[in-house]
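So the sequences go chain by chain: A and B.
Each residue of the first sequence is one higher than the one before, starting from 1 at the first, in the working numbering.
Each residue of the second sequence is one higher than the one before, starting from 308 at the first, in the working numbering.
Don't take every hint at face value.
[Said to hold, decoys possible] Keeping only pairs whose Cα atoms sit at most 25 Å apart, straight-line, the calculated SDA-like set for lysine to any residue is:
id	chain 1	residue 1	chain 2	residue 2
1	A	Lys246	B	Gln538
2	B	Lys454	A	Arg146
3	A	Lys75	A	Glu161
In case anyone wonders, no lab produced these hints; they're calculated from the structure.
The residues making up each chain are set out below.
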Amino acid sequence: MAGIFIFSEDSALAKQLLTPALELKASLAQPITAITLSESDAEELAKLGADKVVVLTGGTWAEGFAEAIYSQISKAEGSILLVGGTLRGKHVAAYVAAKLNAGMTTDAKALKIANGKLLATRVLYAGLAVCEEEVALPAVATIRARTFLAPAPAPAAGVVETQSAEADSRITISEVIPTGDKGVDITAATKLVAVGRGFRRKEDLKLAEDLAGVLKAELACTRGIAEDEHWLPIERYIGISGQTVKPELYVAAGLSGQVQHMVGCRESKVIVAINTDERAPIFEAADYGIVGDMYEVLPLLTAALRK
Amino acid sequence: MPKCLVCYKWTLDEQDIKIKPEDLSLDSSRAKGKISDFDRNAVEEAALIVEKEGGAVEVLSYGTAAVKLSLKDVLSRGAEKAHWIADPSAENADAAVTANVLAAAIRKLGPYDLILCGEGSSDLFNQQTAPRLAALLGLPCLSFVQKLTVEGSTVTATRKLEDCQETATVSGPVVISVLSEINKPRIPTLKQVLGAAKKPNEEIKIADLGLKPEDLQPKALRQSVKGFVMQRRNVVYKESSAAENVAKLTASLASEGLC
Ligand SMILES: Cc1cc2nc3c(=O)[nH]c(=O)nc-3n(C[C@H](O)[C@H](O)[C@H](O)COP(=O)(O)OP(=O)(O)OC[C@H]3O[C@@H](n4cnc5c(N)ncnc54)[C@H](O)[C@@H]3O)c2cc1C
Ligand SMILES: Nc1ncnc2c1ncn2[C@@H]1O[C@H](COP(=O)(O)O)[C@@H](O)[C@H]1O
Chain A
1 MAGIFIFSED SALAKQLLTP ALELKASLAQ PITAITLSES DAEELAKLGA
51 DKVVVLTGGT WAEGFAEAIY SQISKAEGSI LLVGGTLRGK HVAAYVAAKL
101 NAGMTTDAKA LKIANGKLLA TRVLYAGLAV CEEEVALPAV ATIRARTFLA
151 PAPAPAAGVV ETQSAEADSR ITISEVIPTG DKGVDITAAT KLVAVGRGFR
201 RKEDLKLAED LAGVLKAELA CTRGIAEDEH WLPIERYIGI SGQTVKPELY
251 VAAGLSGQVQ HMVGCRESKV IVAINTDERA PIFEAADYGI VGDMYEVLPL
301 LTAALRK
Chain B
308 MPKCLVCYKW TLDEQDIKIK PEDLSLDSSR AKGKISDFDR NAVEEAALIV
358 EKEGGAVEVL SYGTAAVKLS LKDVLSRGAE KAHWIADPSA ENADAAVTAN
408 VLAAAIRKLG PYDLILCGEG SSDLFNQQTA PRLAALLGLP CLSFVQKLTV
458 EGSTVTATRK LEDCQETATV SGPVVISVLS EINKPRIPTL KQVLGAAKKP
508 NEEIKIADLG LKPEDLQPKA LRQSVKGFVM QRRNVVYKES SAAENVAKLT
558 ASLASEGLC
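My request is simple: use the sequences and hints to build the entire structure.
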């Protein structure tokens with residue numbers, strides 16, 4: 001078995017995957033092959049440490065390349081596949097893992113080789129617990145964006161080759177509608193005001209926007225606000241299935257603080273909670289809290305901070 | 308008229324799991340079971356499709372002996388028949404073992420037109436089972452679906468991804484994973500709860516699935532599971548005067564250099 005493989009359809013994430021790949025290369029002494037669907041990513045990946053880059057052509061729908069990616073790895077008898085943990089990436093990774101009859105860690109954090117196996121840190125029960133997962137080789141892991149920084153350029157660039165692949169023709173994509181407010185990256189915000197189901201109407205979010213305005217913060221939310229109510233774009237929801245953020249300040253207003261949400265913000269420096277229910281779990285997770293009606297508290301807080 | 312199979316997992320309710328302060332181990336002795344959250348959406352979606360298009364909804368679960376506790380609940384939610392596999396191997400099963408077992412059972416029970424899963428299970432949240440099943444069964448897979456329409460043998464799904472909504476069409480048998488926003492699962496009525504007791508359920512023995520020993524050998528093994536504890540100040544202002552609380556909070560934020 002030889003070869004460390006990486007794949008992500010997301011350019012930035014593909015580069016970040018090279019960092020853990022290079023660490024694994026140091027322990028396993030196996031070359032890194034980056035698989036990509038983008039010609040323009042290929043050069044860059046070769047410069048950043050991929051020994052070889054394979055550009056697969058023949059389609060644009062990443063999931064449709066799962067079989068082709070599997071055959072690249074099985075041909076080379078690859079030992080590790082790291083995939084960028086986007087939803088598309090997770091789909092591809094799980095498909096390939098099944099074809100390889102391999103174990104797979106979802107949202108792996110620290111990765112290393114121990115006793116000839118891949119050891120990765122991950123969460124269980126949506127963040128209630130943390131564990132190490134030991135995966136026999138060949139092993140697959142998905143890694144979320146920004147878990148690692150992209151590496152510095154390597155001394156020598158790897159080789160790039162292009163191969164045509166057969167994409168899954170059983171599925172037809174008829175429409176793609178881009179979503180979200182491009183340009184706002186809430187993971188880069190130093191302060192966030194997060195809203196939850198305690199808000200009764202979309203218009204009421206104004207109270208949180210006003211506070212965010214004086215704090216120079218961005219708005220974030222729970223899954224329900226984005227996915228069920230559609231009051232805010234999904235890029236703004238925090239949690240196990242949403243974004244992970246580490247701001248200096250996280251103000252949680254009218255959200256209960258369930259673990260599935262908190263796992264995405266619990267590394268914030270200071271967490272502030274405003275909730276009517278003194279027993280809401282958010283208070284255990286908060287540095288400072290106010291028990292009270294945010295419809296009353298938020299305008300007062302905004303006014304006090306404006307001074 | 309689609310024949311649907313919903314794969315559902317019986318998990319512990321994480322809200323009942325406590326972290327022991329001495330060694331950060333998990334105490335699940337008081338945790339009750341539940342149908343994994345998003346699997347309730349998957350059952351509901353299959354029920355809605357069949358109400359409209361005709362067809363049938365069956366459900367399948369692989370678990371330890373505790374899986375039997377799920378049968379009444381799942382059958383009251385619109386499924387006609389439940390298939391279950393109770394085996395100690397489920398305790399440490401990883402996504403590979405789970406998919407091997409479910410795929411073998413589906414080969415035995417099927418074929419089905421639609422195989423539905425949740426986006427991810429509430430305990431492991433591997434988000435792997437649907438694409439793995441598709442790979443093992445040689446079927447196409449539509450993951451992370453927020454809207455589903457079935458017309459004859461044509462399945463149209465809107466998938467919700469980080470940066471777009473994507474509409475995909477496939478003809479014939481397909482594996483689907485659903486997001487929670489796809490529907491609001493029904494709260495079973497008393498009649499449905501009582502009716503569930505009369506619906507058939509059938510055990511499948513793992514030994515009858517023709518699996519090799521290595522198919523049941525987890526490739527990913529969990530080690531050193533530790534509860535996550537946060538070190539927080541936990542200062543809570545709860546005077547009756549909101550203005551007073553706000554004054555105290557702003558003072559605290561100022562002391563942290565945050566305003
Ligand atoms: C597998 C899985 C994955 C999930 N992933 C995510 C995820 O990634 N992100 C996520 O956010 N959730 C996720 N969830 C959902 C999560 O479990 C919670 O249900 C959700 O976070 C709760 O949202 P909420 O706090 O907005 O609503 P609620 O839990 O309903 O809380 C509303 C809170 O508002 C308070 N409130 C009401 N009125 C007022 C008022 N006037 N003033 C002050 N407070 C008030 C209430 O006391 C309550 O505490 C997931 C769930 C599952 C099962
Ligand atoms: N043991 C199981 N029995 C039946 N279905 C399961 C089982 N484990 C997972 N699933 C299905 O696969 C989905 C995704 O699970 P997971 O891959 O563990 O996140 C779940 O929502 C279920 O629909």
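Hints and how they fare:
1. Lys246(A) x Gln538(B): Within the cut-off at roughly 15 Å; holds.
2. Lys454(B) x Arg146(A): violated (30 Å)
3. Lys75(A) x Glu161(A): This hinted pair holds, its Cα atoms lying about 16 Å apart.
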